[in-house]
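K.L.:
As you go down the protein sequences, you meet chains A and B in turn.
Going by the working numbering, the first sequence opens with residue 613, and the numbers climb by one from there.
Going by the working numbering, the second sequence opens with residue 3, and the numbers climb by one from there.
Hints are computed from structural coordinates only; laboratory data are not their basis.
Treat the hints loosely; a few may be bogus.
Below, simulated DSBU-like cross-link-like pairs (lysine-lysine); rule was C-alpha separation at most 35 Å, straight line [claimed, not checked]:
id	chain 1	residue 1	chain 2	residue 2
1	B	Lys-17	B	Lys-231
2	B	Lys-395	B	Lys-341
3	A	Lys-807	B	Lys-360
4	A	Lys-656	A	Lys-858
5	A	Lys-879	B	Lys-231
6	A	Lys-879	B	Lys-395
7	A	Lys-858	B	Lys-360
8	A	Lys-656	A	Lys-670
9	A	Lys-792	A	Lys-670
10	A	Lys-880	B	Lys-341
11	A	Lys-858	A	Lys-879
12	A	Lys-670	A	Lys-707
13	B	Lys-231	B	Lys-395
14	A	Lys-880	A	Lys-858
15	B	Lys-360	A	Lys-647
16	A	Lys-807	A	Lys-858
17	A	Lys-647	A	Lys-792
18	B	Lys-341	B	Lys-360
19	A	Lys-880	B	Lys-360
20	B	Lys-341	A	Lys-879
21	B	Lys-306	B	Lys-360
22	A	Lys-670	A	Lys-647
23	A	Lys-670	A	Lys-879
24	B	Lys-395	A	Lys-880
25	A	Lys-647	A	Lys-858
26	A	Lys-656	A	Lys-707
27	B	Lys-17	A	Lys-879
28	A	Lys-647	A	Lys-807
29	A	Lys-792	B	Lys-360
30	B	Lys-341	B	Lys-231
31	A	Lys-670	A	Lys-807
32	A	Lys-656	A	Lys-807
33	A	Lys-807	A	Lys-792
Quick caveat, the model's predicted, so the values are computed rather than measured.
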Amino acid sequence: MLRSILAAVLAVSLAGAAAAQEHADHSTPQPPRQKWSFAGPFGKYDRAQIQRGFQVYKEVCSTCHGLNLLSFRHLSGLGYSDAQVTQIASDWLFKVQDGPNDQGEMFERAARPADRFPQPWPNENAARVRYNAVPPDMSVIAKARTYERGLPWFIIDIFTQFQEQGVDYITALMTGYEDKPPAGVTLPQGLMYNKYFPGGAIAMPSPLTDGRVTYSDGSPQTVAQYSKDVSAFLMWAAEPHMETRKRIGFQVMVFLIIFAGLMYFTKKRVWSAVH
Amino acid sequence: MSGHETYQPQNAFMKWMERRLPIAGLIYSSFIVYPTPRNLNYWWTFGGILTFMLAVQIVTGIVLAMHYTPHVDFAFNSVELIMRDVNYGWLLRYVHANGAAMFFLAAYIHMFRGMYYGSYKEPREILWILGVILLLLMIATGFMGYVLPWGQMSFWAATVITNLFSAIPGVGEAIVTWLWGGYAVGNPTLQRFYSLHYLLPFVIAGVVVLHIWALHVVGQNNPTGIDPKSERDTVSFTPYATIKDAFMLVCFCIVYAWFVFYMPNYLGHADNYIPANPAVTPMHIVPEWYYLPFYAILRAIPNKLMGVAALGASIAILAFLPWLDTSRVRSANYRPLYKQVFWIFVAVCIGLGWLGAKPAEGGYVIAARILTFYYFFHFLVILPVLGWVERTKPLPNSISESILTPARSGSGTGTVT
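Given the sequences, and given the hints that come with them, work out the whole structure.
P.N.:
As structure tokens, this is what we get:
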């Protein structure tokens with residue numbers, strides 16, 4: 613038994629799955645490149661956009677997808693005040709399991725800023741029964757999804773700092789649903805067709821429709837806009853310190869380049885004695 | 003030039019100290035007046051860079067260990083806690099994770115430099131073998147570190163690599179169970195990997211001491227590959243080598259910082275942001291880039307045992323390089339054929355690395371087999387034969403002549419004594 617599992621693991625991992633992926637890749641189109649305010653060395657999150665994205669998450673995604681690596685207090689990074697964060701937490705659709713209380717009983721209460729986002733379902737099996745699959749947690753999903761760039765792009769990306777594959781993919785996925793799968797593709801029972809999903813068969817029905825979320829800032833209430841906004845929010849959720857990172861990065865770069873210049877001239881001076 | 007004079011303590015305390023523990027004298031003779039060939043180029047600065055990288059990894063690793071939880075239920079979340087809630091935790095983690103990649107980058111450049119200039123030849127065999135041991139230790143340490151975040155790639159890399167031992171006839175299965183501490187990769191595996199990942203860097207540090215010791219016994223090689231013959235051939239370590247090393251280290255840090263601050267996840271794999279799930283096999287199981295050439299060799303061979311043997315041999319063969327290369331001329335600068343063979347070998351290693359990231363199917367497998375064959379052919383046939391048949395260029399009489407001759411024409415014979 614063990615032997616056969618191990619053999620299967622190796623066989624699958626080393627050859628089979630790789631080959632399957634290769635076939636899936638050929639039929640899956642590359643997500644279109646989007647423009648992101650946070651791309652590049654000086655990129656910053658667009659606070660209005662990530663707040664809209666959070667609204668989309670709250671009103672659409674959060675019924676199935678958890679955000680369990682984040683606490684409500686983290687939302688201050690979106691630009692919300694402490695009072696707003698407290699309000700969002702206490703109004704949250706799901707309550708927090710707490711306890712035991714003095715009577716030794718578990719109880720439910722409204723969330724507080726210090727709480728993690730509550731799970732939308734009690735356990736994975738329950739989710740599978742309810743949704744036909746386990747909806748992945750969204751905390752780091754913008755970094756957990758990608759697509760293959762291929763030669764020579766993966767080398768060029770080092771210099772252009774392109775690393776928005778994850779958000780491009782999520783945006784594409786939101787808009788990649790098609791009513792009928794292409795000829796030759798048969799969908800398993802209960803699955804949808806999405807051309808950007810590897811393999812094409814996805815358990816999640818198209819989550820967004822035009823006008824589903826009401827924006828207060830006058831942004832277009834379209835699937836295209838929702839998709840971009842929620843992707844930007846998920847990038848923030850996955851990488852909340854990105855702005856600090858890039859800001860410090862610039863300071864470090866300036867320092868290192870000046871330092872390298874000084875070292876170069878010092879080196880020249882020192883060596884001039886022996887040359 | 004300061005020459006080889008010994009340390010003369012100036013004040014009373016240092017005099018008292020020097021009679022009891024001559025550590026100041028050791029530092030003085032090893033890193034201040036230590037003679038280094040005056041013609042060393044920038045490829046010789048990677049030893050210092052590697053020492054720096056080891057220090058960076060140990061320091062960041064110790065702090066990360068204060069926040070990390072080695073348990074299958076908490077490991078992934080504790081890493082994310084470091085990323086989100088620990089002050090500058092994201093910086094520590096990205097410096098550490100990208101530091102591993104930079105460590106290997108520097109190590110590979112260091113090794114290729116040794117190969118190009120024949121730095122493994124008599125009397126530097128032990129120095130070279132210690133380097134191969136360091137590479138092995140780095141591979142083990144890096145692999146176990148990669149398992150710690152307990153993402154999908156962590157888990158499946160651990161599964162695939164530990165399973166390699168099951169290829170050993172007879173005792174293979176028992177060894178794998180022993181490595182795992184159970185019947186599958188699980189919590190005992192994670193905990194022992196954590197323990198060893200903390201231990202091995204200090205073993206590396208110990209072997210680095212031996213490596214530097216051996217270096218200081220035999221002296222550094224240099225681009226001409228001939229030994230220094232007089233004081234004119236050398237300069238003192240400080241300030242000449244130190245300033246050169248420091249300049250290159252800063253340049254190296256620019257590349258390092260580029261990844262840490264701007265592309266921190268570029269060298270990693272997206273799947274490792276998915277928590278480990280034994281029930282779901284990732285579509286591609288790919289190691290980190292620095293293992294890809296070895297991974298390609300492993301997969302190129304259809305028989306599992308032979309694949310594992312080839313993987314082991316591809317590293318072990320490096321230890322025999324001093325005897326496989328039969329040429330008595332060290333530097334490729336005076337070996338026209340070897341120079342070409344060297345660059346072909348570099349290309350083959352890069353090619354194997356590219357193939358290691360590709361699925362093991364169709365043309366990729368054929369290409370990987372050809373390159374794997376060439377990898378061993380290079381060591382086992384080309385290098386021994388080349389040493390006998392190659393007509394090498396005449397060597398300069400001394401290091402200083404090799405530098406000064408082009409400038410001062412007509413000083414044909416060695417004027418340095």
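K.L.:
Run every hint past the structure and note whether it holds.
P.N.:
Verification of the hints:
1. B:Lys-17 x B:Lys-231: holds (33 Å)
2. B:Lys-395 x B:Lys-341: With a Cα-Cα distance of about 12 Å, the restraint between Lys-395 of chain B and Lys-341 of chain B holds, given a limit of 35 Å.
3. A:Lys-807 x B:Lys-360: holds (23 Å)
4. A:Lys-656 x A:Lys-858: Between Lys-656 of chain A and Lys-858 of chain A the Cα gap is close to 9 Å, so the pair holds against 35 Å.
5. A:Lys-879 x B:Lys-231: holds (25 Å)
6. A:Lys-879 x B:Lys-395: Roughly 32 Å separates the two Cα atoms, so the pair holds.
7. A:Lys-858 x B:Lys-360: Answer holds: Lys-858 of chain A to Lys-360 of chain B is near 32 Å, not above 35 Å.
8. A:Lys-656 x A:Lys-670: Given pair Lys-656 of chain A, Lys-670 of chain A holds - Cα atoms ~22 Å apart, limit 35 Å.
9. A:Lys-792 x A:Lys-670: holds (29 Å)
10. A:Lys-880 x B:Lys-341: holds (30 Å)
11. A:Lys-858 x A:Lys-879: Between Lys-858 of chain A and Lys-879 of chain A the Cα gap is close to 30 Å, so the pair holds against 35 Å.
12. A:Lys-670 x A:Lys-707: Given that 35 Å is the threshold and the Cα spacing comes to 14 Å, the pair holds.
13. B:Lys-231 x B:Lys-395: holds (20 Å)
14. A:Lys-880 x A:Lys-858: Given pair Lys-880 of chain A, Lys-858 of chain A holds - Cα atoms ~32 Å apart, limit 35 Å.
15. B:Lys-360 x A:Lys-647: Holds, at roughly 30 Å.
16. A:Lys-807 x A:Lys-858: The hint holds at about 34 Å.
17. A:Lys-647 x A:Lys-792: Status holds; Cα separation ~29 Å.
18. B:Lys-341 x B:Lys-360: holds (29 Å)
19. A:Lys-880 x B:Lys-360: Distance ~45 Å between Lys-880 of chain A and Lys-360 of chain B Cα, so the pair is violated.
20. B:Lys-341 x A:Lys-879: The hint holds at about 30 Å.
21. B:Lys-306 x B:Lys-360: holds (19 Å)
22. A:Lys-670 x A:Lys-647: holds (24 Å)
23. A:Lys-670 x A:Lys-879: With a Cα-Cα distance of about 58 Å, the restraint between Lys-670 of chain A and Lys-879 of chain A is violated, given a limit of 35 Å.
24. B:Lys-395 x A:Lys-880: holds (31 Å)
25. A:Lys-647 x A:Lys-858: holds (18 Å)
26. A:Lys-656 x A:Lys-707: holds (33 Å)
27. B:Lys-17 x A:Lys-879: Holds - the C-alpha atoms of Lys-879 of chain A and Lys-17 of chain B are around 33 Å apart, at most 35 Å.
28. A:Lys-647 x A:Lys-807: Status holds; Cα separation ~21 Å.
29. A:Lys-792 x B:Lys-360: holds (32 Å)
30. B:Lys-341 x B:Lys-231: holds (25 Å)
31. A:Lys-670 x A:Lys-807: holds (26 Å)
32. A:Lys-656 x A:Lys-807: Roughly 30 Å separates the two Cα atoms, so the pair holds.
33. A:Lys-807 x A:Lys-792: Holds. Lys-807 of chain A to Lys-792 of chain A sits at ~10 Å (cutoff 35 Å).
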